[in-house]
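**Q** Here's the letter readout for the chains.
There are 2 protein chains.
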Amino acid sequence: MELNKRQTEILEIVKMDGPITGEQIAERLNLVRATIRPDLAILTMAGYLDARPRVGYFYSGKKTVQSVADSMIGMKVGDFQSIPVVVADTVSVYDAICQMFLEDVGTLFVIDKSSNLSGVLSRKDLLRTSLGNNELEKIPVHVIMTRMPNITYCKKQDTLLYAAQKMIDQQIDSLPVVIEKEEGLEVVGRITKTNITAAFLSLAEDHEL
Amino acid sequence: MELNKRQTEILEIVKMDGPITGEQIAERLNLVRATIRPDLAILTMAGYLDARPRVGYFYSGKKTVQSVADSMIGMKVGDFQSIPVVVADTVSVYDAICQMFLEDVGTLFVIDKSSNLSGVLSRKDLLRTSLGNNELEKIPVHVIMTRMPNITYCKKQDTLLYAAQKMIDQQIDSLPVVIEKEEGLEVVGRITKTNITAAFLSLAEDHEL
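Residue numbers (the numbering used here), protein chains in the order written: chain L, 1 to 209; chain R, 1 to 209.
Heads up, some of the hints might be wrong.
As the list claims (entries may be wrong) - Covered stretches of chain L, going by a simulated chain R footprint (3 or more residues, C-beta under 8 angstroms): (1) 25 to 35; (2) 51 to 60; (3) 124 to 138; (4) 145 to 154; (5) 162 to 170.
The hints are simulated quantities; they were obtained by calculation from the structure and are not laboratory data.
We put the CB at the ideal spot given by N, CA and C, even for glycine.
Use the sequences and the hints to build the structure in full.
**A** Structure below.
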């Protein structure tokens with residue numbers, strides 16, 4: 001639920017100086033007690049404020065102050081991303097597979113000699129190549145990777161909902177988080193369906209569901 | 001936000017008989033208008049009701065009537081699960097990999113000759129085995145699979161939050177959905193981080209976030 005300007009002001013006053021009486025709050029706002037009565041009723045009933053007789057209003061401190069919906073909209077990629085694992089485009093498929101196991105990730109990002117994003121390697125790509133192929137040491141990853149401009153990416157400041165939608169639409173398990181520069185894309189993070197699953201759980205936990 | 005008993009009653013009255021004035025609602029509840037004023041204010045501000053001058057209150061019809069929190073708690077595995085892909089424990093690793101690509105899944109469930117769940121195969125298991133191994137046709141999957149009782153599973157009626165928590169805790173990408181029988185576990189579904197990501201998006205969509 002959205003609070004209006006006056007309700008937000010009241011909430012701020014009580015947060016700062018509570019417990020405080022309705023009279024005192026009204027005074028601070030240059031209003032009479034009767035004017036703010038509905039606002040106090042709303043704030044109390046919605047769980048933002050608690051009231052105690054002969055003490056006054058105090059801030060409930062409940063996390064219900066932000067609704068689950070608001071939390072969800074406010075989730076940013078930057079707050080949930082993981083560390084990216086990158087390999088040079090010249091390494092072999094064999095080394096890439098070893099790297100994937102070593103770091104225990106499902107996706108590797110491939111960078112060119114200027115350190116810009118040039119490709120993506122999934123477990124699926126590597127499994128497909130390894131099947132019946134005995135010379136994995138001799139194949140460089142740039143031969144099998146998904147390459148720019150076919151890579152879907154996102155930025156730190158994108159919402160988690162945006163990233164989730166991209167992964168579902170493109171049927172992929174992760175996205176590189178990048179900074180767009182003139183020379184190319186610098187990889188600064190990795191967002192995965194595991195991050196989304198963790199965010200889903202954190203929503204429930206933060207709101208004590 | 002949780003509605004109290006009176007607010008729920010008001011909502012029901014407006015749903016049934018709206019548009020209806022505040023006076024009329026109060027009358028139905030044997031209360032005076034002033035008593036229900038804060039309730040009406042809350043219901044309106046929270047988007048449950050709309051008010052129009054000289055017409056009265058009417059039901060907004062928005063899906064916000066169920067809070068995002070309630071929707072989230074109510075999500076069941078059975079409503080989001082995918083079709084499981086199963087292989088017999090006697091098939092070769094090579095055939096399992098082919099099956100995985102054919103069905104485009106990240107996990108295969110392995111069943112014994114009585115069709116009960118006996119193991120799980122992830123892309124990671126198969127990639128590890130295929131690395132430098134030229135005789136994938138000769139290795140049966142039961143040699144490399146994760147086997148009972150080390151398999152984490154869930155049931156249709158479990159909440160999606162429960163399944164998400166299990167996947168995060170166990171660091172796995174999917175769970176078999178089973179029916180527990182005396183003879184063993186019958187596999188009836190598959191729940192993955194993709195399903196959780198889709199559920200996360202559906203929450204936002206259903207509530208028009």
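**Q** For each hint, tell me whether it holds in the structure or not.
**A** Taking the hints in turn, this is what the structure says about them:
1. 25 to 35: It is violated: at least three residues are needed, and the segment 25 to 35 of chain L offers just 0 whose Cβ sits closer than 8 angstroms to chain R.
2. 51 to 60: violated (count 0)
3. 124 to 138: Three-residue rule met by the segment 124 to 138 of chain L, so holds; n is 9.
4. 145 to 154: violated (count 0)
5. 162 to 170: holds (count 4)
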